Amino acid sequence: MNDSILVLVVASGVAYGTPLLYAALGELLAERSGVLNLGVEGMMLVGAVMGFWGVQRIGGQGGMVLFLAVMAAALAGAAVALLFAFLVITLRANQIVSGLTLTIFAGAAGLSSYLGNDLGLADAPATHQFEPVDAFGLADFPVLGPILFEQTWLVYASWVLVAATALYLTRTRPGLNVRAVGESPQTADAVGISVTAYRYAHVVAGGALAGIGGACFSLALTPSWVDGLTGGAGWIAIALVIFAFWRPELCLVGAYFFGAFQALPFILQARGVTIAPELFQALPYVMTVVVLVIVSSGIAKRRLGAPGALGVPFVREER
Amino acid sequence: MSIRIERRLSQPRWLSVAVPVCSLVVAFLLIAIVLLATGHDPLETYKDLFEAAFTAEGALSQTLVGATPLLFTGLAAAAAFRMNLFNIGGEGQLYFGAIGSSAAGLLLAGQSAPVLIAAMMIAGIATGAAWALIPGFLRAYLSTNEIITSLMLNYVAGLFLTYLIFDSSSYWRDTTSPSAAVFPVGKELPDAASWPTFGSSIVVPFGFLVGIVAAIGLWALYSRTRFGFEVQVMSDSPRAARYSGMRTRRKILAVMGLSGGLAGLGGASQVGDFLHTLDADPNGLRAYGYGYTGIVVAALARYNPFAVVLVAFLIGGLQNAGISLQGPDFPSGLVGVMQGMILFTTLGGELFVRYRVRIGRSHRGARPAEAAAEATR
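Quick note, the sequences are listed as chains A and B, same order.
Residue numbers for the first sequence follow the numbering used here, so the first one is 9 and each next one is one higher.
Residue numbers for the second sequence follow the numbering used here, so the first one is 188 and each next one is one higher.
Treat the hints loosely; a few may be bogus.
Chain B regions said to be covered by chain A (calculated; three or more residues, Cβ under 8 Å) [said to hold, decoys possible]: (1) 249-261; (2) 335-345; (3) 475-485.
Okay, the calculated bits of chain B under chain A, using three or more residues with CB under 8 Å as the criterion [said to hold, decoys possible]: (4) 318-331; (5) 402-409.
Since the hints were made in silico from the structure, they are not lab data.
Note that the structure is a prediction, hence the values are computed from the model and not measured.
The beta-carbon is built from N, C-alpha and C at its ideal position, and this holds for glycine as well.
Please construct the entire structure, taking both the sequences and the accompanying hints into account.
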């Protein structure tokens with residue numbers, strides 16, 4: 009029963025969806041504070057390469073090395089996000105152009121490739137990688153076992169993160185403040201919330217999460233380093249935030265949904281079914297466009313739509 | 188003591204020259220630090236880059252090859268961004284231009300070269316514009332944000348292109364030649380569909396000349412016609428445009444179509460000038476991200492069509508140098524880092540054109556009229 013194609017698709021949807029989930033949660037934090045960062049792919053790649061550098065160069069016991077590698081990935085992602093934050097928040101540069109530039113700067117033909125080459129990581133075999141952990145000995149449990157209880161630590165940690173983010177945004181003072189900053193920075197500023205500080209913090213945190221998302225590739229899914237390892241996952245993550253109506257719990261569902269579409273062509277191919285893989289791969293993008301059309305119409309816009317000040321720089325003197 | 192950033196009342200002319208130059212210098216200094224930190228000699232690297240891009244034997248011809256697609260995608264971005272329409276779908280529109288123009292070239296096999304070339308250009312413009320009209324229509328009639336829709340459609344276009352050559356027996360796919368049995372390729376276009384080149388020591392592709400003509404046309408359209416004036420008003424103040432009775436929706440469609448048409452013409456030029464087939468290889472047409480780099484080109488050129496020509500040439504040179512210097516001694520990824528850094532410093536430098544930074548006590552007084560006008564927008 010656990011070998012049935014449906015179980016396989018969902019289980020690999022979870023595995024392939026996890027990097028999307030981390031990156032999307034990060035992007036969600038940035039967007040909720042009103043900053044649209046289109047540089048997710050670049051931040052993920054820098055995270056992926058530094059995560060891989062971590063496992064190759066940090067000595068010590070396996071679990072510790074992997075933990076430090078994930079931290080290195082998060083730091084790397086945060087560092088490039090800080091650069092972006094400085095540009096769009098302090099220097100008030102155009103967010104769209106800056107985000108695309110971040111992807112070119114850090115992406116497959118930029119910094120990540122530079123680092124991968126200079127640190128001699130290309131084509132090196134991985135010394136450590138995240139292995140699936142049999143949680144509570146339930147891996148053989150019918151149907152749910154392979155899906156929920158035979159995943160890596162990265163997957164289990166992402167569930168905690170989703171819950172934490174959802175609680176943060178709805179139940180804590182800073183979480184409510186960041187939503188105010190994203191919806192109406194002028195109002196937030198008037199009640200004494202520092203728009204600049206909140207935006208910096210959430211863009212940088214978003215970068216750290218994107219870095220971890222990248223590390224999911226280089227430490228778990230495909231433990232190695234090649235240029236452009238993430239293969240466009242950063243763009244799907246941006247789509248996912250919209251698809252999930254800017255809500256963390258829906259990000260979880262969407263990530264596994266999109267992840268399953270990534271995995272489906274390979275699974276079908278292995279079973280001798282030939283359907284053009286492009287069909288499945290294109291679906292997340294098409295569905296995102298459809299969702300975007302829905303949320304831009306009247307009623308849905310108010311209840312489900314994007315943060316009100318998304319993409320608009322905040323200039324205190326010019327309200 | 189405090190640091191205050193305030194809007195300039197007027198932008199002195201010298202600043203719009205001095206700031207970009209300073210930005211460029213800062214970018215090169217920052218990259219030099221990166222190079223030094225990773226054990227490369229910055230001066231040596233810069234010299235190699237400059238030689239490979241501009242002064243080496245045949246370098247200028249190769250630079251023009253790299254500059255041609257960027258010229259089109261740069262103009263496409265400039266055309267849309269001018270109206271605050273953020274069409275970042277140039278990449279997909281370029282693919283569709285390639286699909287349309289190669290179909291025209293294959294269908295009209297046997298016709299004379301001028302007919303073929305004209306048909307390819309028209310087909311490229313039409314298909315690129317049609318693909319751009321999807322986000323354009325959604326924006327104009329359903330007020331859906333065009334940034335994300337045009338971005339998402341890039342991937343749909345890329346996958347469609349792959350599908351045509353790799354996973355279907357489409358009209359474009361070569362199913363007869365022996366090499367196609369080993370690796371899927373597109374049908375070869377007739378010889379008469381190859382666009383001409385000019386010059387011998389420096390080879391200028393026909394597409395580059397078409398791009399220059401397009402740049403002049405775009406400039407004339409935006410600064411010498413009523414259409415251009417209305418677009419400018421809509422970008423500066425959408426409300427004023429609506430109250431004065433300008434047809435906003437039509438204008439959105441027109442500008443998106445124009446932008447997509449330019450990118451599509453870039454796709455036609457790729458097919459006609461260089462590829463002579465519909466190329467879906469992951470290391471081919473899809474590898475360079477011309478659409479995205481075009482946005483960088485347009486931003487560096489501050490959306491001025493003539494500046495786009497110059498910047499496309501310089502960035503084309505940088506990319507060409509990156510390709511020809513590829514090897515163990517040359518840090519891979521440097522080209523992307525340089526492009527990114529140059530744009531970062533330029534975008535940052537914009538602040539000093541638009542605002543002044545005051546250090547010291549702020550003087551209280553009436554708010555400048557212009558800042559007030561800005562605020563009531």
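For each hint, the structure was consulted:
Check result for the stretch 249-261 of chain B against chain A: violated, 0 residues qualifying (beta carbon to beta carbon below 8 Å, three or more required). With a cut-off of 8 Å between beta carbons, the stretch 335-345 of chain B has 7 residues touching chain A; three or more are needed, and the interface restraint holds. Judged by the Cβ-Cβ criterion of 8 Å, the stretch 475-485 of chain B is covered by chain A as claimed, because 5 of its residues qualify and three suffice. Counting residues of the stretch 318-331 of chain B whose beta-carbon sits less than 8 Å from any beta-carbon of chain A gives 4, enough to reach three: the coverage restraint holds.
Here's how the stretch 402-409 of chain B fares: 0 of its residues keep a CB closer than 8 Å to some CB of chain A, so the rule of at least three is not met and the hint is violated.
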